[in-house]
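*Asks:* Residues per chain, in single letters:
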Amino acid sequence: MAGLPRRIIKETQRLMQEPVSGITALPDENNARYFHVTVIGPKESPYENGTFKLELFLPEEYPMSAPKVRFLTKIYHPNIDKLGRICLDILKDKWSPALQIRTVLLSIQALLSAPNPDDPLANEVADAWKSDESQAIETAKAWTQKHAI
Amino acid sequence: MGNCFKTPSTDDISLLRGHDNQDGAEQALGPPPPYQERVPVYHPSPNVSRLANQLSEEEQIKIAKRLGLISHLPVGVYDGSSKKGKECVICMNEFILGESLRFLPCMHTYHRDCIDDWLMRSFTCPSCMEPVDAALLSTYETN
Chain A
1 MAGLPRRIIK ETQRLMQEPV SGITALPDEN NARYFHVTVI GPKESPYENG TFKLELFLPE
61 EYPMSAPKVR FLTKIYHPNI DKLGRICLDI LKDKWSPALQ IRTVLLSIQA LLSAPNPDDP
121 LANEVADAWK SDESQAIETA KAWTQKHAI
Chain B
1 MGNCFKTPST DDISLLRGHD NQDGAEQALG PPPPYQERVP VYHPSPNVSR LANQLSEEEQ
61 IKIAKRLGLI SHLPVGVYDG SSKKGKECVI CMNEFILGES LRFLPCMHTY HRDCIDDWLM
121 RSFTCPSCME PVDAALLSTY ETN
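From first to last, the protein sequence lines stand for chains A and B. Quick note: the first sequence uses the UniProt record's numbering, first residue 1, plus one each step. Quick note: the second sequence uses the UniProt record's numbering, first residue 1, plus one each step.
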């Protein structure tokens, strides 16, 4: 692999120096492009008090292409499937090299506060969310208790 | 007098020649490299990478148009006078005097190499997401 681009070194340093509240991102000892991430479930969301583990990988083309991010902790969310893949526009066609690891993780945190069942990745979860929202929220809370605490 | 430049010290000459000869010798000794044309890679969309010889006709046209449009975007050299951002948000390095920059119609500025790489994938400004072609056309209209 070619040397690590200055940008990745800078972003890593800034993440350490000015951490984002509710989010940690630590580079792997053996691979500086692979980050161990935790996101705390936002207040007043069904994920409150949960600590969700994610993995984030900066591909060779980064920042020309988006980081690859996946939930490792099971989560009941209409835009996150059972493999932990996330349906978020900035990780796909709305990616811009002006975005950073920091902004991506903040967007994922925001997605937990604002599930969007009209643009689903997990169809069953999205259907449940649309047909009986309060029941879906209860399920999401139960999953948070079971898997993220 | 006046011949200092014509007769550099013999040490300098031997160092330079030595390197030249070594390089030359290595090249001469090695087997001739197999004939292989380097095929450039293009990105018809941000997450698609394709070798130039694998592009569909539609994609070729898109890329040709893109190259043409990019060449109309103004370029310049960083002279230190920019009152706006002094850092290229793509590589996150500060602009250094003499570096080649490109200016987008939305007034955002980047290293020329950084932004050209991005514009070949998506014709939008990374900072404001403004489509560059629409902005480019409107500047033509106002002029």
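These are computed hints drawn from the structure, not numbers from a lab. There could be a bad hint or two in this list.
With a cut-off of at most 16 Å between alpha-carbon atoms, the simulated EDC-like pairs for lysine to aspartate or glutamate come out as follows [what the hints assert, rightly or not]: (1) A:K82 <-> A:D127; (2) A:K92 <-> A:E61; (3) A:K92 <-> A:D119; (4) A:K10 <-> B:E87; (5) A:K94 <-> B:E130; (6) A:K10 <-> B:E94.
Per label pair, the in silico range of CB-to-CB distance [claimed, not checked]: (7) A:Q135 <-> B:N47: 35 to 43 Å; (8) B:E99 <-> A:N116: 37 to 45 Å; (9) B:I61 <-> A:Q145: 50 to 58 Å.
Facing chain A, according to a computed beta carbon distance under 8 Å, are these residues of chain B, among others [unchecked claim]: (10) L69; (11) V89; (12) I90.
We treat Cβ as the ideally placed atom computed from N, Cα and C, and that holds for glycine.
*Asks:* Take the hints in turn and mark each one as holding or not.
*Replies:* We went through each hint and held it up to the structure:
1. Between the alpha carbons of K82 of chain A and D127 of chain A the distance comes to roughly 15 Å, so the proposed pair stays at or under 16 Å and holds.
2. Among the hinted pairs, K92 of chain A with E61 of chain A is consistent with the structure: their alpha-carbon atoms are about 14 Å apart, no more than 16 Å.
3. In summary, the hint linking K92 of chain A to D119 of chain A is supported, as the alpha carbons are separated by about 13 Å, within the 16 Å threshold.
4. Between K10 of chain A and E87 of chain B the alpha-carbon distance is near 12 Å, which keeps this suggested pair within the 16 Å criterion.
5. Restraint check for K94 of chain A and E130 of chain B: satisfied, since their Cα atoms lie roughly 12 Å apart, inside the 16 Å limit.
6. Proposed proximity of K10 of chain A and E94 of chain B is supported: the alpha carbons are some 12 Å apart, at most 16 Å.
7. Between Q135 of chain A and N47 of chain B the beta carbon distance is about 36 Å. The supplied range of 35 to 43 Å therefore holds.
8. Our hint of 37 to 45 Å for E99 of chain B and N116 of chain A holds, since their Cβ atoms are close to 41 Å apart.
9. Range check, I61 of chain B to Q145 of chain A: Cβ separation about 55 Å, and the 50 to 58 Å hint holds.
10. The beta carbon of L69 of chain B is not positioned within 8 Å of any beta carbon in chain A (closest approach about 18 Å), and the interface hint is therefore violated.
11. Interface restraint check for V89 of chain B: the shortest CB-CB distance to chain A comes to about 5 Å, inside 8 Å, so the restraint holds.
12. Interface hint status for I90 of chain B: upheld, as the beta-carbon distance to the closest one in chain A is roughly 5 Å, under 8 Å.
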